[in-house]
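Between the sequences and the hints, there should be enough to build the whole structure, so can you do that?
Residue numbers (numbering that gives the first Met the number 0), protein chains in the order written: chain A, 0 to 258; chain B, 0 to 237; chain C, 0 to 223.
Incorrect hints may have been included.
Quick list of simulated restraints, FRET-style, between CB atoms [what the hints assert, rightly or not]:
(1) A:H105 / C:V130: 26 to 34 Å
(2) B:G128 / C:V29: 39 to 47 Å
(3) C:T2 / B:V34: 57 to 65 Å
(4) B:L199 / C:T211: 32 to 40 Å
(5) C:A134 / B:G128: 39 to 47 Å
(6) B:G128 / A:H105: 41 to 49 Å
(7) A:D235 / C:T2: 34 to 42 Å
(8) C:A138 / B:Y13: 52 to 60 Å
In silico lysine to any residue, SDA-like type, Cα no more than 25 Å apart, as pairs [said to hold, decoys possible]:
(9) B:K136 / C:A7
(10) B:K136 / C:F210
(11) B:K69 / C:F219
(12) A:K97 / C:H77
(13) B:K69 / C:E222
(14) A:K97 / C:A7
(15) A:K97 / C:L67
(16) A:K97 / A:E198
(17) B:K136 / A:R24
(18) A:K97 / C:E223
(19) B:K136 / C:D80
(20) A:K97 / C:D80
(21) B:K136 / C:W214
(22) B:K136 / C:L67
(23) B:K69 / C:E223
(24) B:K136 / C:L10
(25) B:K136 / A:P67
(26) B:K136 / C:P71
(27) B:K136 / C:M0
(28) B:K69 / B:V82
(29) A:K97 / C:L10
(30) A:K97 / C:S217
(31) B:K1 / B:Y13
(32) A:K97 / C:D83
(33) B:K136 / A:T55
(34) B:K1 / B:Y205
(35) B:K136 / C:A78
(36) B:K69 / A:E22
No lab work stands behind these hints: they were computed from the structure. Positions of the beta carbon are idealized from the N, C-alpha and C atoms, including for glycine.
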Amino acid sequence: MPAHGTPPSAGPQSLGISFDGVEKRFGSFVALRSVTLQIAPGEFVALLGANGAGKTTLLRIASLLMNPTRGNISFIHDSESSQPRSAAPRITNGASPKNLIGMVAHSTLLYDELTAEENLTLFAELYGLSDISSRVANSLDACGLASRAGSLVRTFSRGMRQRLAIARALLHEPRLLLLDEPAAGLDRQGLAWFSETLERLRADRCTVLMSTHARNESLDLATRAVSLANGRVEHDSGTGGDPRPILAAVRANSRGDNQ
Amino acid sequence: MKVRIALALFLAAYVICAGYAALFVAPDESTMHEVQRIFYMHVPVWIAMYIAISVAFVANVAWLRTHQIKWDWLGVSAVEVTVVCCTIGLISGVLWGRPAWGIWWTWDARLTSTFILWMLYVAYLLLRGLIEDPQRKATLSAVFGIFASLDAPIVYFSNRLFRTQHPSPVFFGGPDSGIAPEMARVFLLCMVVISCIAILILVDRYRLERLRFEYEELRQEVESRSLDSQFASGKDKS
Amino acid sequence: MTTARATAILLAKELRLEFRTRELLSATVVFALIVVVLFSFAFNPTAEESRQYGPGLLWIAFLFAGSLMLHPSFGREHANDTLDALRMAPVSSFAIVLGKMLANFIFLAVVEAILVPVFGVLYNISLAGIVARLAIVLALGTMGLVITGTVFSAISAHARMRELLLPLLLLPILAPLLIAAVEATVGLFADQPQLDRTWLAFLAGFDIVFFTASWILSDFLIEE
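This is the structure we're talking about:
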């Protein structure tokens, strides 16, 4: 069992995700139309697009909160040390990898009437983690909330709640991290911690799928940019491609529209 | 289209025949005389209701298992038919009861149970009306529908058990025992006709639901294609 | 994560949440008390009538209070979308539902434990000697209420007018339970208290049927 605080042991299992003809409709409203996308293990994908383009829907399907109306998703397991680079990564469909997925959503996903420590402990227990009290303590320490561990989340500021929400998502050391505008509401201290965390995750080959529509420094870490429009993939820099042109275009757009 | 009109006309003709038979051909009943003729509508309506409830149950289960939207269409249609039949049955029962036995209502086992059944299925329709998302609407109402269907026999059973310990007049036993053959024929005719009406309504309602869905689909498709083309020509998205 | 373990964790969470504020518990006790007291204004029962109608009153008070109390069961998970957090965790849907059912059962049991003695005092019905048997009837009846109520809380949480919808869905379904529970209680309040096995069996049957249905259908309740 890796000691808390240090990166997971060498050869962590990376998790990619593959969307195959995924369509999602809510009644007759089509949120996603035939999205086919393969995100290789270890990629850091910036998911761009205007409001209503389908980013949140895509993330919710990836997190197994929703089933697609048509098409399916599958997870790509890729163990670093055990296989040579040339071997094709295995795609498995059946087993539920909930233990390996973490998500930061629009809502905080926290119980306001529980303390920060109780919230993290609850989820640590639900994910079947070991060494819970020290994990929770370290997590609170890392995001700067150790002094407020015993306070109800209801009393937290927006920035503190967001920090706790992110800490919650990372608690079980997920290999696929889904972020829906995670920087929203973060204060300066939180943003710094968040960027640091993302860098560490990228170094660990944790797959990250981050949606954002505003300027966000963390976008510089992205290895790939995918933009959605009207439920479809509009631009995709591809695995191994250069995300910067797309990112620059989005930045230019957002400056122009004052988004 | 023509077939449906033809069927409707055909059925209308049968309804007229059945109505005539019930009112004039069937022999006069010894105790209740004219009022008894409600029986020719009243009982078939209950039979139609039980069939509709069974269809609803099957549709609910099928939706949950297959997630094919047609089962939801069938489910809501069947429940609406159930509620309509139940309402007609209850009202006609009251109308029959008053002149025949002098009281509007009594809390005997069967009446009470049926009233509860009515409430259950009305609740189903209310539930549907209050949920926006169509997927959720279908799934959650199906779950409730299954609970309601499971409850139906329990309701009847408990009322039987309850009310037989507190005896009260039983109203609807009897017509099947020793029914005169002429009456039986008219009854059969009315039963067939009313069942056909119920089925026709069911099918029509199903069709309405399907058309609504297809219309929405088309509308959305048109909307998004226009959005697509706007997008392609480089205009601002709204 | 086994269902049993997950249920235990979630049950602990529910209990911790409620016992920290005890808002819901106190409100429910007070509401049930109001129903019980109002009855005496509406009917002004004699001692004999109290024994006859008392059980009905008691169970109606529990049903009404219960259906109000059950709504926040899933209603509370709407804030901050915490239900999504539970769904993402590797726990079965049934664990989520069962955890809430058990918590609701405990809450209602507390309400009943407070209310029944008060009721006995207000209507001069002696509970001595029937406490254990009454507890059995209460337990079986409460189980039925909690099983169906928790399921419908999950259903109505997604609908508009959810506070009104829950009783609307719940009370018709519980009609048979009401009959059975009241009849069993009437048997106990009689001069020669008797535990009516038929009604007890009926209650148990009701509980089993709907518990099984909940177990089979829990995925549909929780998943989107």
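Hint-by-hint comparison with the structure:
no. : hint                        : in the structure
1   : A:H105 / C:V130: 26 to 34 Å : violated, 51 Å
2   : B:G128 / C:V29: 39 to 47 Å  : violated, 32 Å
3   : C:T2 / B:V34: 57 to 65 Å    : holds, 59 Å
4   : B:L199 / C:T211: 32 to 40 Å : holds, 37 Å
5   : C:A134 / B:G128: 39 to 47 Å : holds, 41 Å
6   : B:G128 / A:H105: 41 to 49 Å : violated, 28 Å
7   : A:D235 / C:T2: 34 to 42 Å   : holds, 41 Å
8   : C:A138 / B:Y13: 52 to 60 Å  : holds, 56 Å
9   : B:K136 / C:A7               : violated, 31 Å
10  : B:K136 / C:F210             : holds, 22 Å
11  : B:K69 / C:F219              : holds, 18 Å
12  : A:K97 / C:H77               : holds, 21 Å
13  : B:K69 / C:E222              : holds, 20 Å
14  : A:K97 / C:A7                : holds, 20 Å
15  : A:K97 / C:L67               : violated, 34 Å
16  : A:K97 / A:E198              : holds, 23 Å
17  : B:K136 / A:R24              : holds, 14 Å
18  : A:K97 / C:E223              : holds, 16 Å
19  : B:K136 / C:D80              : holds, 19 Å
20  : A:K97 / C:D80               : holds, 18 Å
21  : B:K136 / C:W214             : holds, 20 Å
22  : B:K136 / C:L67              : holds, 23 Å
23  : B:K69 / C:E223              : holds, 19 Å
24  : B:K136 / C:L10              : violated, 28 Å
25  : B:K136 / A:P67              : holds, 17 Å
26  : B:K136 / C:P71              : holds, 20 Å
27  : B:K136 / C:M0               : violated, 31 Å
28  : B:K69 / B:V82               : holds, 20 Å
29  : A:K97 / C:L10               : holds, 21 Å
30  : A:K97 / C:S217              : holds, 19 Å
31  : B:K1 / B:Y13                : holds, 18 Å
32  : A:K97 / C:D83               : holds, 12 Å
33  : B:K136 / A:T55              : holds, 22 Å
34  : B:K1 / B:Y205               : holds, 18 Å
35  : B:K136 / C:A78              : holds, 21 Å
36  : B:K69 / A:E22               : holds, 19 Å
Hints 1, 2, 6, 9, 15, 24, 27 from the list above are not met by this structure, while the remaining hints are.
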